[in-house]
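Start from the sequences and build out the full structure, keeping to the hints where you can.
In the numbering used here, each residue carries its 1-based index in the sequence shown increased by 5.
The reader is advised that the hints may include incorrect statements.
Taking CB as the label site, the calculated pair distances span [said to hold, decoys possible]:
#1 115 <-> 165: 48 to 58 Å
#2 401 <-> 338: 27 to 37 Å
#3 336 <-> 179: 51 to 61 Å
#4 125 <-> 95: 22 to 32 Å
Here are the simulated BS3-like cross-link-like pairs (lysine-lysine), alpha carbons at most 27 Å apart as the crow flies [to be verified]:
#5 282 <-> 327
#6 134 <-> 117
#7 60 <-> 44
#8 222 <-> 9
#9 44 <-> 124
#10 124 <-> 134
#11 406 <-> 431
#12 278 <-> 239
#13 333 <-> 278
#14 117 <-> 44
#15 431 <-> 351
#16 406 <-> 458
#17 265 <-> 333
#18 117 <-> 92
#19 160 <-> 118
#20 239 <-> 351
Everything labelled a hint here was simulated from the structure, so no lab data went into it. We put the CB at the ideal spot given by N, CA and C, even for glycine.
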Amino acid sequence: MSLKRKIALTISIAFSLLFGIVMAVIYISFNDFRKEEFKERFRQRLEFTSHFISKSKDFEEEAPVFFNENSDNILLNETILIFNGQKELIYSTIKDRNVTWDNALLKELDQKKAIYSEKTVPEIYAALKTINGENYYILTSAFDSNGNSKLAYLKYLLITAYVMSVLLIGFFSYYFMGQFLRPLENLNQEISEVTAHKLTTQIPVQESEDEINVLAKSFNTMIVRLNDVFQSQKDFTASASHEIRTPLTRMAFQLENLIKLEQHAPETLSSLKQIQKDVYQLSDLTNSLLLLTKFDKENIQSIYEEVRIDEVIFESFEIVEKSYPNLKMDFLISENTSENALLTIKGIQSLLDIVFINLFKNAAIYSDNTEVDVLITETNSQLTVEVISLGSTIPEEEQSKLFEAFMRGNNSQNISGSGLGLRIVKRILEYHGAEITYSSPKEHINQFTVFFKK
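Following this line, the structure appears as structure tokens:
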């Protein structure tokens with residue numbers, strides 16, 4: 006998840022939680038206010054009834070007329086029960102049906118004098134009043150329909166406002182975060198375009214002293230230092246490789262002339278040939294290093310060309326065969342390869358030559374019978390080259406490090422080498438978007454498999 010989305014999501018979640026708490030507090034506070042308001046209306050209604058009783062000369066006869074005339078003040082579905090001091094019902098607003106009540110509530114009034122219950126449906130407000138020296142038990146019940154409808158409407162408004170607010174804050178936070186972080190995205194774009202051949206590129210710096218411009222200045226400083234180090238390393242590798250090639254070429258030429266002379270003892274001739282192999286190996290390594298300094302992953306694709314992999318294999322084998330004349334190759338094309346296969350890939354032939362020269366040299370050095378089998382398989386998605394030889398295999402614990410620099414397996418004991426060959430092979434194949442693996446499908450079988458993507 007991008008930083009912009011993380012910040013927008015964090016702000017939205019924080020706001021939604023805070024706004025949700027505020028909405029809940031508003032709803033609970035209004036509900037408490039509704040209860041208190043309805044309770045106060047109950048109390049006023051009861052006081053109004055008590056005042057009527059105290060002023061009435063004949064309560065039972067005047068009550069129906071009184072409550073009928075004051076119907077405007079009656080609560081919704083209001084029921085009034087009035088009992089005398091002996092807890093006998095002397096008036097009820099309920100008509101044409103049997104009247105029931107809770108005697109326990111009347112007894113409780115003897116102690117508490119006033120009771121309000123909001124848990125019952127409808128709500129009840131009861132009180133014990135002493136009027137003109139006599140006790141009256143007045144029970145009033147009613148529905149707070151008006152308050153509940155307001156509460157329901159408030160709930161609807163709060164939920165709607167909450168949903169709309171969360172959506173709006175999510176949209177605006179994402180939008181404004183995008184505006185605030187746009188300079189950082191531009192900086193990221195500039196950084197992504199910096200490659201080994203563009204280390205001199207400087208990131209544009211604004212006049213403001215915000216964190217992004219400070220980061221840009223620090224990055225430009227780092228780029229200058231990296232460019233100095235990289236250029237020094239590249240110049241040294243190129244110069245050293247170039248300077249080393251000249252004496253190596255002279256040494257190889259002089260060794261060839263010495264070997265052609267027929268006046269050497271067998272031991273001397275054997276030593277000269279071994280020295281010649283070492284010189285050739287060192288020369289190949291120098292050429293590989295010199296070639297690799299010219300390319301990197303960013304610019305190598307610009308000079309790709311169509312290369313026939315079978316031609317690369319045969320040319321590489323001919324080069325190795327000069328140093329190892331006993332080496333034999335069995336070249337095969339798999340039956341799974343379609344008839345229209347061209348056996349071509351996009352790459353640089355000079356670098357691909359180095360790949361197969363190293364693989365063939367390994368086969369010549371480490372195989373028991375100096376024979377190598379090459380099997381090519383081409384499909385619509387990839388081209389595979391298998392290089393198989395017989396000889397001592399590499400233990401499983403060493404296979405994972407086989408393509409590391411200066412790594413040499415147990416099967417290379419008493420055999421000269423630098424340990425850089427397979428590392429260079431892997432690096433060249435990475436430049437071509439290809440992969441190489443080692444396996445030992447059977448005992449004493451070494452198999453290197455190269456996968457080229459089509």
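| task | Starting from the hint list further up, note which numbers the structure goes against and sort them upward. | result | 12 and 19
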